[in-house]
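With the hints as extra help, turn the sequences into a complete structure.
Number of protein chains: 2
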Amino acid sequence: MKNIFFKQVALFIFLIPFYATSQSSVQSSSDSLFIKQISDDIFQNGKTYEWLHQLTKGIGGRLAGSPQFAKAIDWGKKTFESIGVDKVYLQECMVPHWIRNGKDKAVITAVNNKPVITQLDVLALGNSLGTSSKGVNAEVFAVNNFEQLEANKEKIKGKIVFYNYHFNPTNISTFISYSDAGKYRWTGASRAAKYGALGVIVRSMSGATDNNPHTGGMEYNDSFPKIPAVAIGLQDADKLWNLTKSSSVKISMATHGKMLPDTIGANVIAELKGSEHPEEIISLGGHLDSWDINEGAHDDGAGVVQTMEVLRVLNALGYHPKHTIRFVLFANEETAGRGAEKYAAVAKEKKEKIIFAFESDAGGFTPRGFSFSVPPSSWTKLNTWKSLFEPYGGSTFTVGGGGADNEPLQEAFKTPVAELSPDSQRYFDIHHARSDVFENVNKRELLLGAVNITALIYLIDKYGL
Amino acid sequence: MKNIFFKQVALFIFLIPFYATSQSSVQSSSDSLFIKQISDDIFQNGKTYEWLHQLTKGIGGRLAGSPQFAKAIDWGKKTFESIGVDKVYLQECMVPHWIRNGKDKAVITAVNNKPVITQLDVLALGNSLGTSSKGVNAEVFAVNNFEQLEANKEKIKGKIVFYNYHFNPTNISTFISYSDAGKYRWTGASRAAKYGALGVIVRSMSGATDNNPHTGGMEYNDSFPKIPAVAIGLQDADKLWNLTKSSSVKISMATHGKMLPDTIGANVIAELKGSEHPEEIISLGGHLDSWDINEGAHDDGAGVVQTMEVLRVLNALGYHPKHTIRFVLFANEETAGRGAEKYAAVAKEKKEKIIFAFESDAGGFTPRGFSFSVPPSSWTKLNTWKSLFEPYGGSTFTVGGGGADNEPLQEAFKTPVAELSPDSQRYFDIHHARSDVFENVNKRELLLGAVNITALIYLIDKYGL
Chain U
-18 MKNIFFKQVA LFIFLIPFYA TSQSSVQSSS DSLFIKQISD DIFQNGKTYE
32 WLHQLTKGIG GRLAGSPQFA KAIDWGKKTF ESIGVDKVYL QECMVPHWIR
82 NGKDKAVITA VNNKPVITQL DVLALGNSLG TSSKGVNAEV FAVNNFEQLE
132 ANKEKIKGKI VFYNYHFNPT NISTFISYSD AGKYRWTGAS RAAKYGALGV
182 IVRSMSGATD NNPHTGGMEY NDSFPKIPAV AIGLQDADKL WNLTKSSSVK
232 ISMATHGKML PDTIGANVIA ELKGSEHPEE IISLGGHLDS WDINEGAHDD
282 GAGVVQTMEV LRVLNALGYH PKHTIRFVLF ANEETAGRGA EKYAAVAKEK
332 KEKIIFAFES DAGGFTPRGF SFSVPPSSWT KLNTWKSLFE PYGGSTFTVG
382 GGGADNEPLQ EAFKTPVAEL SPDSQRYFDI HHARSDVFEN VNKRELLLGA
432 VNITALIYLI DKYGL
Chain F
-18 MKNIFFKQVA LFIFLIPFYA TSQSSVQSSS DSLFIKQISD DIFQNGKTYE
32 WLHQLTKGIG GRLAGSPQFA KAIDWGKKTF ESIGVDKVYL QECMVPHWIR
82 NGKDKAVITA VNNKPVITQL DVLALGNSLG TSSKGVNAEV FAVNNFEQLE
132 ANKEKIKGKI VFYNYHFNPT NISTFISYSD AGKYRWTGAS RAAKYGALGV
182 IVRSMSGATD NNPHTGGMEY NDSFPKIPAV AIGLQDADKL WNLTKSSSVK
232 ISMATHGKML PDTIGANVIA ELKGSEHPEE IISLGGHLDS WDINEGAHDD
282 GAGVVQTMEV LRVLNALGYH PKHTIRFVLF ANEETAGRGA EKYAAVAKEK
332 KEKIIFAFES DAGGFTPRGF SFSVPPSSWT KLNTWKSLFE PYGGSTFTVG
382 GGGADNEPLQ EAFKTPVAEL SPDSQRYFDI HHARSDVFEN VNKRELLLGA
432 VNITALIYLI DKYGL
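Each protein sequence line maps, in turn, to chains U and F. Residue numbering for the first sequence follows my numbering, beginning at -18 and increasing consecutively. Residue numbering for the second sequence follows my numbering, beginning at -18 and increasing consecutively.
In case anyone wonders, no lab produced these hints; they're calculated from the structure. Cβ coordinates follow ideal geometry from the N, Cα and C atoms, glycine included. Everything hinted at is true.
Derived list of chain U stretches under chain F, where covered just means 3 residues or more per stretch with a C-beta under 8 Å from a C-beta of chain F: (1) 150 to 156; (2) 402 to 414; (3) 419 to 425.
Over the 10 Å line for every Cβ pair with chain F, so calculated as not near, a few chain U residues: (4) Leu14; (5) Thr99; (6) Lys254.
Quick list of in silico lysine-lysine cross-link-like pairs, DSBU-like style, CA-CA up to 30 Å: (7) F/Lys395 / F/Lys254; (8) F/Lys28 / U/Lys220; (9) U/Lys362 / F/Lys367; (10) U/Lys226 / F/Lys28; (11) U/Lys207 / U/Lys115; (12) U/Lys303 / U/Lys254; (13) F/Lys164 / U/Lys17; (14) F/Lys220 / U/Lys38; (15) U/Lys164 / U/Lys207; (16) F/Lys134 / F/Lys86; (17) F/Lys362 / F/Lys329; (18) U/Lys28 / F/Lys226.
Here it is, written out as C-alpha cells:
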C-alpha cells in the first residue's frame, strides 16, 4: 500500500510541474510574442543611443542650477513632444545651486620638510565650500577609517585628513562596496573638522584601474567649521598613503566651491493616458541632472533615454495602456533630491494614485534583472513573470531596491517601487568621474535595458501588481 | 477520501521541496564557502589582469607562426612555472603561417566614371592572398546576400563583389548573428570567384558603432581563382552601399597576404596531478594565438589568463584535486585549429581519459553562465549546482557549447565539454578588430569569469560529472 501510494504521489509530482508549465506557457505566449516585438523594435528602430548622444555630447554635464541643466530640461520636453504623447509638462521646483567655480588642486609641497612639487588628481566634493584664495597648506594625517580618526583625534588639529578607506573588491555587487564607503565622502569633512582638521582628502569610491577622482555629494554638519573636501584618484591615493607611512607630507589644496541661492529647476513629465484606469498611474523615470565634470552618460543619461524609449516603443507598437503611464525626468538627484521631493509633494496634494514607480539609475550596462520593494502578493505575482525576462537577461529579481528618486513617494505612500539592476561590475569605474562619457556606454547594453524595462511596464499595465 | 488523499499529497509536495532544499543546503554549504574563498582570493590577490597586461601590451598580436606567437609560448610556459605546478610542457604542432605582409588598402577611385579618392578602412581576411603589385582595379557589384549574387551571376565577371550582409541586431545572443553572417567571410571569395569576380569586400561581422574593420579566417575553394578578400568597417560599408545604389563605383584594392610554409608552434600545457584518480583528466584552456592587428585581449587573452588563474587560486587555497587538472593554452585557433587537432591526436595516441574539457573563448566579459555538451545524467547533476553560481552571475546553464578547441576531442571521443558564456553584447564590437586591446577589458568582469570557471572545475573535480 505504501508503495502504491508512493507511486501515485510520484506520478502526481511529475505531472504538476508539467501541467503548471504548460498552463503558464499558454497564458504567456502572447506576452512573450509582444515582448519579442518590443525587443526587435528597440534594436531595429530605437532612438535611445541617438538621444544619449544629444544629451551627453550636445549638452554635457548638467549639474542642478547650471545653464546645461536648463538646456536639458528644454531638450527633455521637446524630445517627449517629438515622440508623441498625451501630455508633457514641467513640474517646477527650487534646486540648490552649487558651483565648482574653478580648477580643484592638491599638490604635495614637502616630504619630510624637503620641498617637492607633486600634483595630485583631485575633484572637490559636491556641496563643499572652497578654500580661501591662499588655499589650505598643512601636513597630512592619513587614516584608513573613522576608527583610526577617533583613536588619533588629538593629532588632527591643523592637519589635512586623508581618508584612505578602500572600496571592498570582494563584493560581487559593487553597490554594497559603494554603500559601505560612502560615509567617508558624505560625512568625512565634518567628522574631521570636529577635531580641528583644515581640509579632507577622500579616497575615491571606486575600484577602477585608472587615476580619475570620483566626486559626489557631501553634507556639512553645521556644528563644525565647513572645511574643504576633495576626492583623490586611486593611484594618487596609493602613492600618498605610501608616502605618509614613512614620512611627514605637506599638501597645498585649493578649491573654489560656492553655494549660490537656490534656483528654479524642473521635473520634465510626459503622460500616456490610460484607457481603463486613467486615474491609476504607473510612473517610471531617470534623473536629468548629472555632475559637472563629465557627461552623465551612465549616471543618469542612460535612465533618461531608456525612459523615453519605453514611450517610443509603446507608441510605435500601437500599445494603448490600461493605466496612465507617466514618464518622469527628475531634477537634482545628485546634490539634494529636490525633484523627487517635489514629485511626491504634488502627488500628495493632488491625491494621485501612483500604483507603481520605477527608476533606472544604476547605469546603462547589460541588465541582470530588477530590484523590488513591493507587498508580498505583488512579489509572488512578479515572480510568475520571470521566465518572460530570461531571453533578455533581466530575470534576476531581488528585494529591496526602488531608486533614489522614488524614495519620497515610497516613504509617504508605501508606493510599490522598483529599479533596473544592470550588471554592476563597471559602474564604479566611471561613476561621478570624468570617464562617465558617451563613449563608455555600449549601445546594445543600453538598449537591452530599455527592452527589459518596457517588458516590465507592459506586464504591470496589463495584469496590475 | 479523495480529499484526504489530496491533502496528503499536498503535504508531501510541500515537504519535498523543503526537504530537498534543506538537504542540498547542508550538502553544499561547504561548497558555497569554498567558492566564496575562491572569489575573495581572486578579487584580492588575482594575477589575471596583470598577466593579461603582459600578454597584450608586452607581446601584442600573436598570429600563429609569428615571432610574437613564439614569444607567447615562452611566456605561457614561464608563467605556468612561476605559479607552481606538477608539470609544464610544450606539445609541438605544425601551424600554418599566413602573413598580412603590408598595409591593406581600398580606395574608391571613381563614381560614375568621375575620378575621386575616398579611402575605405579595410583589413585583408586571414588566409587570403594578396593582389598583384598593381592591385585590383574594378567596378563594384554590391549584393546583400548570396541569393542576390546567384541571381546576378552573369554580371559578376571582372568586378569586385561587395557583400553587404548585415549582422542581425535582434538576436540577444550576438553569437547567433555571428554564426549567421560568418559564411560571407569564410566562403564569399570563392563563391564570387566562381563567377569571375576579381576581389571581394565583406561587410564586417559586427554591429559596432565605429568604423573598425573586423578580420577573421576565410577559406578558398581550390576549384576557383584565389581572389583577394577584405573586411570593411561598418560606416564605410554603409557609405559604399549607398553609393552603389545610384552610381557605378570603381575601387582600387591592394592587399599583400601570403601563405608561407607551415612552421612549428605548440600548445602550452600545465598539470596538477590528481590524488585519487590521476589517470582521469579535467582539461581547461583558452587559445594563445590571436589576430595580428590587435592585442587579442578578449580573443583570447582573457581565456588564457583565466585558465592560469584557476591554477593560481587552487594552489593558493591549498586545494589538492582528486583528478588531474590540465591547463592548456592552445596554438592556432584562429586560422586552422591545429593546436586542438594535435591535442586530440595525442590524447588518442596515449589513450588518455579526459573526463571533461572546458574552454573560455567568448571574451572576458561579465559571466552569465556556461554552455554544456554533456550526457543527460551529467546535465541533471550540473543543474543541482546552479544555485552555487547565482551569487557570481554564472547560473545560466545552456546546452550546445564547448569551445572550438575542444571540438576535435568531442568528435573523436564524445568527451563532455563546456565553455564559459560571458555576456555577449560587446563581443562583436571588438572581435577581430583593432579595438580588441587591453584597455577594453574590464578587470572585474575578467576576474568574475575566472571565479565562475574555478567553481565549476572544483565541483566537477569533487563530485565527478
